[in-house]
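Asks: So the chains spell out like this:
Protein chains: 2
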Amino acid sequence: MSYDFYYWPVIQGRGEFVRLALEQAGAKYTDVAREEGGMEKMQAYIAGKEAGVLPFAPPFLKHGDLIVAQVANILDYLGAREGLTPADEAGRIWAHQLQLTVADLVQECHDTHHPVSTALYYEEQIEEAKRRTANFLKLRVPKYLGYFERVVARNRSASGKLIGDGVTYPDLSLFQCLAGLRYSFPRAMVRIEPQVPNLIALHDAVAELPNVAAYLLSERRIPFNEHGVFRHYPELDG
Amino acid sequence: MSYDFYYWPVIQGRGEFVRLALEQAGAKYTDVAREEGGMEKMQAYIAGKEAGVLPFAPPFLKHGDLIVAQVANILDYLGAREGLTPADEAGRIWAHQLQLTVADLVQECHDTHHPVSTALYYEEQIEEAKRRTANFLKLRVPKYLGYFERVVARNRSASGKLIGDGVTYPDLSLFQCLAGLRYSFPRAMVRIEPQVPNLIALHDAVAELPNVAAYLLSERRIPFNEHGVFRHYPELDG
Numbered sequence: 001m002s003y004d005f006y007y008w009p010v011i012q013g014r015g016e017f018v019r020l021a022l023e024q025a026g027a028k029y030t031d032v033a034r035e036e037g038g039m040e041k042m043q044a045y046i047a048g049k050e051a052g053v054l055p056f057a058p059p060f061l062k063h064g065d066l067i068v069a070q071v072a073n074i075l076d077y078l079g080a081r082e083g084l085t086p087a088d089e090a091g092r093i094w095a096h097q098l099q100l101t102v103a104d105l106v107q108e109c110h111d112t113h114h115p116v117s118t119a120l121y122y123e124e125q126i127e128e129a130k131r132r133t134a135n136f137l138k139l140r141v142p143k144y145l146g147y148f149e150r151v152v153a154r155n156r157s158a159s160g161k162l163i164g165d166g167v168t169y170p171d172l173s174l175f176q177c178l179a180g181l182r183y184s185f186p187r188a189m190v191r192i193e194p195q196v197p198n199l200i201a202l203h204d205a206v207a208e209l210p211n212v213a214a215y216l217l218s219e220r221r222i223p224f225n226e227h228g229v230f231r232h233y234p235e236l237d238g
Numbered sequence: 239m240s241y242d243f244y245y246w247p248v249i250q251g252r253g254e255f256v257r258l259a260l261e262q263a264g265a266k267y268t269d270v271a272r273e274e275g276g277m278e279k280m281q282a283y284i285a286g287k288e289a290g291v292l293p294f295a296p297p298f299l300k301h302g303d304l305i306v307a308q309v310a311n312i313l314d315y316l317g318a319r320e321g322l323t324p325a326d327e328a329g330r331i332w333a334h335q336l337q338l339t340v341a342d343l344v345q346e347c348h349d350t351h352h353p354v355s356t357a358l359y360y361e362e363q364i365e366e367a368k369r370r371t372a373n374f375l376k377l378r379v380p381k382y383l384g385y386f387e388r389v390v391a392r393n394r395s396a397s398g399k400l401i402g403d404g405v406t407y408p409d410l411s412l413f414q415c416l417a418g419l420r421y422s423f424p425r426a427m428v429r430i431e432p433q434v435p436n437l438i439a440l441h442d443a444v445a446e447l448p449n450v451a452a453y454l455l456s457e458r459r460i461p462f463n464e465h466g467v468f469r470h471y472p473e474l475d476g
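Chains as they are written, first to last, in my numbering: chain R, 1 to 238; chain Y, 239 to 476.
Looking at chain R on its own, in the form it has when it is part of the complex (with noise of 0.2 Å):
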């Protein structure tokens, strides 16, 4: 049965960790708000004018009748299914902690543009912006990245993931955020990369993937823009 995924068409956004878990699974989907007429479908879910239960935002995803929200949600169900997740509890749970921790970090990189409110323009906050982002790249990101790192050497595997030795889904979640850190801060990567030498092979083991590799050449997959979770502004990269 295909899945239907609902999310904004024009970013990669938080719906982007869906999208490379079905696209690495080899999963039938449909990314519904980018065919024709598909917003307004997405609308009428947020809306409350269709069955089942009520999304808070998108993404989110539904499989016959079932409606999945949140990302990470999203991704241990469809993790089990598709093979993205240990098959032991004591795996999925993990997999699972990984995934929030990951989430975590996602917050708190888009907050870096928007400190005050999502209903402000970033131009609005701007001086904000400047202060949360210096304090971001110096203290978070090496606590977070640095966190990852140490799992992946603690993966008694030696696989180079984070769990055991097939690719999970927060390995495909890991790519997606050091991809999304380099392109919005390339100058302050640059600094930190030599940190956390695991995660860039990990993130480079995920990109060559074949249908991950595959995904990122074709069209399905948006570039990164200035609307989404990392956005490139050079004052912001210290």
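Rather than coming from a laboratory, the hints here were simulated on the basis of the structure.
Because the structure is a prediction, the values reported are computed rather than measured.
Take the hints with a grain of salt, since some may be wrong.
Here are some of the chain Y residues that sit facing chain R, going by a computed Cβ distance under 7 Å [to be verified]:
id: 1; residue: Val291
id: 2; residue: His334
id: 3; residue: Leu338
id: 4; residue: Ala357
Ideal placement from N, C-alpha and C gives every residue a C-beta, glycine not left out.
Assemble the complex: chain R is given as a structure, and chain Y must be docked to it using the hints.
Replies: Quick look at chain Y alone, frame taken from chain R:
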């Protein structure tokens, strides 16, 4: 088998969402860091000196050999074992989605007093905090609470709860959010509460659950204070 719960000993913070679930379930647990020598035990896990997976930060739960970190992940695990989440997959996913949306609200609330950095004191970011909080109270609190209000209204069992007839862990977490928002922003909440009567009734119903009521009166319930997520700074309560 008893649970070992690890969290900072002097605040409610994010750990309180787990404490409430443990208490409502009547589960046997140790709040480790509040015992003699407990802080050292907790730090050993964070430092990676213990066997098992590496938590990024407290709270985390140890149950046998299993370590579960991240609030929503802990609650999904506890909920399934202690009857605080629906037994069917669709219901469990729905509860988790609601919890992850609560987590987003909690993060946004935390950042009202720390919009620049958690490494700086509130007093060092008070101007940014005023601006962020004004937006949070005007736009974000009504949006989140309005969403949960609709979820209660759409619950076909008309139980006044979020899901079905019984108490689930997102009910407990929403109680905690409402209590925290009232503590933090008493003036703003006077204006907002009339818009969400279902949630006020839910808050009161949770407070009257015998296990929760006993907990709230006990010394195990740490009072709100200005070190946790929900802080009362009168100058922010517009």
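Asks: The structure should be examined with respect to each hint, and the outcome stated for every one.
Replies: To see whether the hints hold, each was checked on the structure:
{"no.": "1", "hint": "Val291", "verdict": "holds (5 Å)"}
{"no.": "2", "hint": "His334", "verdict": "holds (5 Å)"}
{"no.": "3", "hint": "Leu338", "verdict": "holds (4 Å)"}
{"no.": "4", "hint": "Ala357", "verdict": "holds (5 Å)"}
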